[in-house]
Amino acid sequence: MRIIRKTTSATLPNLMRIIPFIFILAMLMLHLILPDKTFSKDEMRYLAQCPAFHFERILDGSYTTKVETYFSDQFPFRNFWVHIQKKSPIFTTLLVY
Amino acid sequence: MVFSSLFFTFAFLPVTLILYYSLGGSFIPRTARPWILGLYLRNIVLLAASLFFYAWGEPAYVILMCISIMINYCIGYFLDKNSTSRQKQKLFLIISLVFNLGCLAYFKYFGMLISTITTVSGWNLNAAAPALPIGISFYTFQALSYVIDLYRGKIKSQKSPILFALYISMFPQLVAGPIVNYADIESQLVDRRMNLRKFSSGLRRFLCGLAKKVLLANNIGLLWSEVKAMPGTEISVLMAWAGIIAFTLQIYFDFSGYSDMAIGLGKMFGFHFKENFKYPYVSQSISEFWRRWHISLGSWFKEYVYIPLGGNREGKWKLLRNILIVWFLTGLWHGASWNFVIWGLYFGTLILIERLFLHKRMKRWPKAVRIIYSLLLVVIGWVFFEFTNLTDALNYLGILLGAGDNVLIDVQTIAKLEQYTVLYLICIIAATPLPKKLALSLIRIQCNIYKIAANVYYCILMFFLTAYMVGSTYNPFIYFRF
Numbered sequence: 001m002r003i004i005r006k007t008t009s010a011t012l013p014n015l016m017r018i019i020p021f022i023f024i025l026a027m028l029m030l031h032l033i034l035p036d037k038t039f040s041k042d043e044m045r046y047l048a049q050c051p052a053f054h055f056e057r058i059l060d061g062s063y064t065t066k067v068e069t070y071f072s073d074q075f076p077f078r079n080f081w082v083h084i085q086k087k088s089p090i091f092t093t094l095l096v097y
Numbered sequence: 098m099v100f101s102s103l104f105f106t107f108a109f110l111p112v113t114l115i116l117y118y119s120l121g122g123s124f125i126p127r128t129a130r131p132w133i134l135g136l137y138l139r140n141i142v143l144l145a146a147s148l149f150f151y152a153w154g155e156p157a158y159v160i161l162m163c164i165s166i167m168i169n170y171c172i173g174y175f176l177d178k179n180s181t182s183r184q185k186q187k188l189f190l191i192i193s194l195v196f197n198l199g200c201l202a203y204f205k206y207f208g209m210l211i212s213t214i215t216t217v218s219g220w221n222l223n224a225a226a227p228a229l230p231i232g233i234s235f236y237t238f239q240a241l242s243y244v245i246d247l248y249r250g251k252i253k254s255q256k257s258p259i260l261f262a263l264y265i266s267m268f269p270q271l272v273a274g275p276i277v278n279y280a281d282i283e284s285q286l287v288d289r290r291m292n293l294r295k296f297s298s299g300l301r302r303f304l305c306g307l308a309k310k311v312l313l314a315n316n317i318g319l320l321w322s323e324v325k326a327m328p329g330t331e332i333s334v335l336m337a338w339a340g341i342i343a344f345t346l347q348i349y350f351d352f353s354g355y356s357d358m359a360i361g362l363g364k365m366f367g368f369h370f371k372e373n374f375k376y377p378y379v380s381q382s383i384s385e386f387w388r389r390w391h392i393s394l395g396s397w398f399k400e401y402v403y404i405p406l407g408g409n410r411e412g413k414w415k416l417l418r419n420i421l422i423v424w425f426l427t428g429l430w431h432g433a434s435w436n437f438v439i440w441g442l443y444f445g446t447l448i449l450i451e452r453l454f455l456h457k458r459m460k461r462w463p464k465a466v467r468i469i470y471s472l473l474l475v476v477i478g479w480v481f482f483e484f485t486n487l488t489d490a491l492n493y494l495g496i497l498l499g500a501g502d503n504v505l506i507d508v509q510t511i512a513k514l515e516q517y518t519v520l521y522l523i524c525i526i527a528a529t530p531l532p533k534k535l536a537l538s539l540i541r542i543q544c545n546i547y548k549i550a551a552n553v554y555y556c557i558l559m560f561f562l563t564a565y566m567v568g569s570t571y572n573p574f575i576y577f578r579f
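Residue numbers (this note's numbering), protein chains in the order written: chain A, 1 to 97; chain B, 98 to 579.
Don't read these hints as lab results, they were simulated from the structure.
Treat each hint with caution, since some may be false.
In silico SDA-like pairs for lysine to any residue, Cα to Cα no more than 20 angstroms straight-line [said to hold, decoys possible]: (1) K86(A) to K371(B); (2) K87(A) to I523(B); (3) K86(A) to L558(B); (4) K371(B) to D288(B); (5) K534(B) to L522(B); (6) K187(B) to I245(B); (7) K375(B) to I469(B); (8) K66(A) to A202(B); (9) K86(A) to L319(B); (10) K295(B) to N14(A); (11) K37(A) to K87(A); (12) K371(B) to S234(B); (13) K86(A) to K513(B); (14) K87(A) to Y517(B); (15) K87(A) to N315(B); (16) K37(A) to V324(B); (17) K66(A) to Y571(B); (18) K185(B) to L241(B); (19) K253(B) to D281(B).
It should be emphasised that the depicted structure is a prediction, and the values quoted were computed from it without experimental measurement.
Sequences and hints are given; from them, build the entire structure.
This is the structure we're talking about:
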């Protein structure tokens, strides 16, 4: 009994320590669940869509770049994050736009 | 795929970790058969993930890396098989050296050779240089350390091709170091501890590294790119100093951030890598700087070049020769361009001067003087590192030392310095051991409060890191404004 209690009491603080990782998992889940958007009003452009798979595109490296662009363009709450970055107190004055 | 991209942190890493930890269970006793099988499967997952990671950025050169792995594995096998005949072993060692250094020479330095011959002799060589495969300098050095240590009888050969491939290609340290010696990781490949505690401290280390890269290096780097883009006659002296110090901070946070991420990622998978940076900017001599900066590279050159050449045991002339060879190579390792060689020899010369003349005198200097002396020489060194063209480097150095007719200070400089003051201060404090000391003293005084504060801190950090990583991909279409 003592041993079991000891493990549970040690697990909770450790779980607290991995909240950032749980956040990463949640974001990945949301990315998969939320429907893709086609147009961003904030950026005035069409967002990248999931690229079609072509064997030649893998070899010249353009496929992987497209996947990364798709992933960042369709990131959950994209506009919210951009907004936070622009308004974040410490670095606001530093960012040159 | 770089560590600081959204795709790595939010897709590749979690998927790899889930696959990795879903195999085998930490509740199984470590000596039981299923545990060993579980670790075996985990190693396969990690190897597959590493090859995928490399192929993602280098779809063609992944084959080169696989060939390198196979050849070095076979050489290891033959070195082991012929352990009675030193002569045969020597032959295999030479084959390995020729192959590994040949690959490095062709893929990294061939272009440099062609352009040098063209400039010196004026011949127009019609040879195309290959593109540089990412991480080739790192994995080649790891393979060399394995083969040489095996030849020296320091280690046993790795029988399992999977574990050997994992040693060479493990994605945390594959593209930007640290260079892991086989002897340090041999036992971890077959048996390592993985638990929630270790995972969470690895995660924290990874986030620290990510913050160094995304929040500090990238932002202070903006100042340097602005200064670098200014025409030489318009930069004020103070601006030139502000610029090169910004670069000094940028390169430290960039590189040590990558090392932190590698060490943290390794820990998340149960590995323990040695430290690669130990606050280099508080060094009290140039020799000490190089014991704190990119430690794994320095010790590699010491172990496999400097000591085999005779080190410092054979008189002053040999010492001179050995140090210059080591620093020529260290410089060249950083990139296929002559400015890196100059940068390396610059440090070689400084270390020689320190060893031969300054060594005793420096002990009498106050600590602050020693730190400023080292820092100043390191900052000047970065000028040679950053400018590929020697004329540009000397021009910039001239501005720094007030040799040109640049103004000392102007309105633009004051505006820029005001803009960057906060970031400058944060960066300078973060480059010293102060934050760590503060955390350690806090943990001693109020352990529980510290633990809660640390949890909150890492959550906030994760939040802002996400914002900055998404923000860096913000790409508004602004044509309609004009």
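Results of checking the hints against the structure:
no. : hint               : verdict
1   : K86(A) to K371(B)  : 37 angstroms, violated
2   : K87(A) to I523(B)  : 18 angstroms, holds
3   : K86(A) to L558(B)  : 16 angstroms, holds
4   : K371(B) to D288(B) : 17 angstroms, holds
5   : K534(B) to L522(B) : 17 angstroms, holds
6   : K187(B) to I245(B) : 10 angstroms, holds
7   : K375(B) to I469(B) : 17 angstroms, holds
8   : K66(A) to A202(B)  : 32 angstroms, violated
9   : K86(A) to L319(B)  : 15 angstroms, holds
10  : K295(B) to N14(A)  : 9 angstroms, holds
11  : K37(A) to K87(A)   : 24 angstroms, violated
12  : K371(B) to S234(B) : 18 angstroms, holds
13  : K86(A) to K513(B)  : 19 angstroms, holds
14  : K87(A) to Y517(B)  : 16 angstroms, holds
15  : K87(A) to N315(B)  : 17 angstroms, holds
16  : K37(A) to V324(B)  : 39 angstroms, violated
17  : K66(A) to Y571(B)  : 16 angstroms, holds
18  : K185(B) to L241(B) : 18 angstroms, holds
19  : K253(B) to D281(B) : 12 angstroms, holds
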